[in-house]
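Asks: Each chain, letter by letter, is given below.
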Amino acid sequence: MERIPILRMGNFLLVTIQVDMHDKLALTLQDDLTSKIADVGAKGVLIDISSLEIVDSFIGRTLANIASMARVLDAQTVVVGMQPAVAITLVELGMSLPGIRTALNVESGMQYLHETVTSDRDSEEYDGDSD
Amino acid sequence: MANILDAIRKNQDGLLEEWVQGIKSGVRRRDLIDDRELKAQSAEVLAAICDVSADTTLDNLNAPAWQPLKDLLAGLSASRAVQGFTPSETAMFVLSLKSPLFNLIQRQAGSDAKHLFADIATVGDFVDKLALHTTDSFIHGRDQVIMRQQEEMLELSTPVVTLWDGIVALPLIGTLDSARTQVVMESLLQAIVKTNSRFAIIDITGVPTVDTLVAQHLLKTITAARLMGAECILSGIRPQIAQTIVHLGINLEDVITKAKLSDAFRLALERSGRTVTRLEKSKGSALARYGEQ
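Residue numbers (the working numbering), protein chains in the order written: chain Z, 1 to 131; chain Y, 1001 to 1293.
Heads up, a few of these hints could be off.
25 Å max Cα-Cα, derived SDA-like pairs, lysine to any residue [as the list claims (entries may be wrong)]: (1) Y:K1039 to Y:L1016; (2) Y:K1194 to Z:I88; (3) Y:K1194 to Z:R8; (4) Y:K1220 to Z:R8; (5) Y:K1220 to Z:K24; (6) Y:K1070 to Y:T1057; (7) Y:K1098 to Y:K1194; (8) Y:K1220 to Z:F58; (9) Y:K1220 to Z:I54; (10) Y:K1114 to Y:L1005; (11) Y:K1129 to Y:L1116; (12) Y:K1129 to Y:G1141; (13) Y:K1194 to Z:K24; (14) Y:K1129 to Y:A1007; (15) Y:K1194 to Z:V19; (16) Y:K1098 to Y:D1013; (17) Y:K1220 to Z:D56; (18) Y:K1220 to Y:L1252; (19) Y:K1194 to Z:Q18; (20) Y:K1194 to Z:Q83; (21) Y:K1194 to Z:F58; (22) Y:K1194 to Z:A26; (23) Z:K24 to Z:G10; (24) Y:K1220 to Z:Q83; (25) Y:K1258 to Y:D1165; (26) Z:K36 to Z:A67; (27) Y:K1129 to Y:N1196; (28) Y:K1194 to Y:R1274.
Quick caveat, the hints were computed from the structure, so don't treat them as lab data.
Construct all of the structure, not just a fragment, from the sequences and the given hints.
Replies: Written out as structure tokens, the structure reads:
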């Protein structure tokens, strides 16, 4: 069965969606991602949707759900690289995804994750990165 | 009825002469069209009338046989629309064919009054329909000119400018309708992707009125930009517009708003970790000296 790979980079999980999302795939991703967050104790999730060209309200809602679920599991989610057409579609569908953090590309998304996660626990070994 | 067409075919040259004379004595734009061109156009129209198959009648202009004539007139009126003729001048060009035709019919019919009347009614109807068709085409031509200009204005009115590395601005001028907002939204989002900008400033100094629809369009654009990972700052809100926005009950709580573009730019610089400072005196004078050299 088709699956979207989830890569681990230290404390963060990296998901790159490079195929057209259909509903079942989105739900599989949701399952896989939540169990992976719990398994590895991830602090941040980065979802790259720069290759995603078609969205519908279900995919939009699933993205929002994934972000909320990750939040419950103590991980920050950032969605990066949304195409203009996809952004317009989501807005026209009335989905402004208020709970989701966004970034222009993987680089700035990773930077954001580093900043937030390290500032969450600046008492630990990570310091100076954020300021 | 076919005999009218036959008569026209036989007297084509005479008709043309009479028609051109009629146009010259009536409304005539010597500045827009010269004698030779006018005569050539008239001859073309007459030839198209004569050129139909033998069983074609004058009373059914929708017959396929008349299509070449209609196309010719449509082309003529479209080119006249571009040249600057008025609709009535263009229609008169066709209508002035009436009197030569009536004269011709009169000569043909002689004293048969009943026949004469029927023929005149048919021909009058025919020419009127042609004139209406010409006017329709003329207006269609004008519409196309207007539409083209609208599109050009649409392109002109949505420039996205890069203020700094990672900061783009969109100065909006003129009323925002749905079609324009679509273009504005798309060009801003494309620019954000192209320039990899984290900040987008939408300046509405040049927008005369903000109603609920315009505000909704703006909010949509801002939300779409946020979804892509860019932050939007709304600037250039004039006092009257601020009053209107509050009176209309539009919620701009989630949007960063600034009164002036410079304030928005300053904020964007600050958020991207930059600041603008005045040069110290010694450095300033050094620069001044540099400038003198």
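Asks: Hint by hint, say whether it matches the structure.
Replies: Structure-based check of each hint:
A threshold of 25 Å between alpha carbons decides the hint, and for Y:K1039 with Y:L1016 the separation of about 8 Å falls inside it, so the pair holds. Taking the CA atoms of Y:K1194 and Z:I88, the gap is near 17 Å; set against the 25 Å cutoff, the hint holds. For a cut-off of 25 Å, the pair hint linking Y:K1194 to Z:R8 is broken: about 29 Å separates their Cα positions. For the suggested pair Y:K1220 and Z:R8, the alpha carbons sit about 35 Å apart, so the restraint of at most 25 Å is broken.
Pair hint Y:K1220 plus Z:K24 does not hold up; C-alpha atoms about 29 Å apart against a cutoff of 25 Å. At roughly 15 Å between alpha-carbon atoms, Y:K1070 and Y:T1057 fall within 25 Å of each other, so this suggested pair holds. With a CA separation close to 62 Å, the supplied pair Y:K1098 and Y:K1194 exceeds the 25 Å bound. Proximity of Y:K1220 to Z:F58 is assessed by CA-CA distance (about 20 Å); at most 25 Å being required, the pair is judged to hold.
As the CA atoms of Y:K1220 and Z:I54 are separated by approximately 19 Å, the hinted pair is consistent with the 25 Å bound. Restraint check for Y:K1114 and Y:L1005: satisfied, since their Cα atoms lie roughly 19 Å apart, inside the 25 Å limit. Proximity of Y:K1129 to Y:L1116 is assessed by CA-CA distance (about 20 Å); at most 25 Å being required, the pair is judged to hold. Between Y:K1129 and Y:G1141 the CA atoms are separated by roughly 18 Å; this keeps the pair inside 25 Å, and the hint holds.
Only pairs whose Cα atoms come within 25 Å are accepted, and Y:K1194 paired with Z:K24 is rejected, the gap being roughly 33 Å. Between Y:K1129 and Y:A1007 the alpha-carbon distance is near 20 Å, which keeps this suggested pair within the 25 Å criterion. A distance of roughly 23 Å separates the Cα atoms of Y:K1194 and Z:V19; the hinted pair therefore holds under the 25 Å criterion. Using a Cα cut-off of 25 Å, the hinted pair Y:K1098 and Y:D1013 holds, with the two alpha carbons roughly 16 Å apart.
A hinted pair counts as satisfied when its Cα atoms are at most 25 Å apart, and Y:K1220 with Z:D56 qualifies at roughly 17 Å. Distance restraint check for Y:K1220 and Y:L1252: the Cα-Cα separation of roughly 12 Å lies within the 25 Å cut-off, and the hinted pair is therefore satisfied. Under the criterion of a C-alpha separation no larger than 25 Å, the hint pairing Y:K1194 with Z:Q18 is consistent with the structure, at around 20 Å. A C-alpha spacing of about 11 Å is found between Y:K1194 and Z:Q83, which places the hinted pair at or below 25 Å, so the restraint holds.
As the CA atoms of Y:K1194 and Z:F58 are separated by approximately 28 Å, the hinted pair breaks the 25 Å bound. For the given pair, Y:K1194 sits about 29 Å from Z:A26 by alpha-carbon distance, which is inconsistent with the 25 Å threshold. For the proposed pair Z:K24 and Z:G10, the alpha carbon gap of about 28 Å is over 25 Å, so the pair is violated. A threshold of 25 Å between alpha carbons decides the hint, and for Y:K1220 with Z:Q83 the separation of about 15 Å falls inside it, so the pair holds.
A distance of roughly 21 Å separates the Cα atoms of Y:K1258 and Y:D1165; the hinted pair therefore holds under the 25 Å criterion. Between the alpha carbons of Z:K36 and Z:A67 the distance comes to roughly 14 Å, so the proposed pair stays at or under 25 Å and holds. Under the criterion of a C-alpha separation no larger than 25 Å, the hint pairing Y:K1129 with Y:N1196 is inconsistent with the structure, at around 59 Å. Taking the CA atoms of Y:K1194 and Y:R1274, the gap is near 22 Å; set against the 25 Å cutoff, the hint holds.
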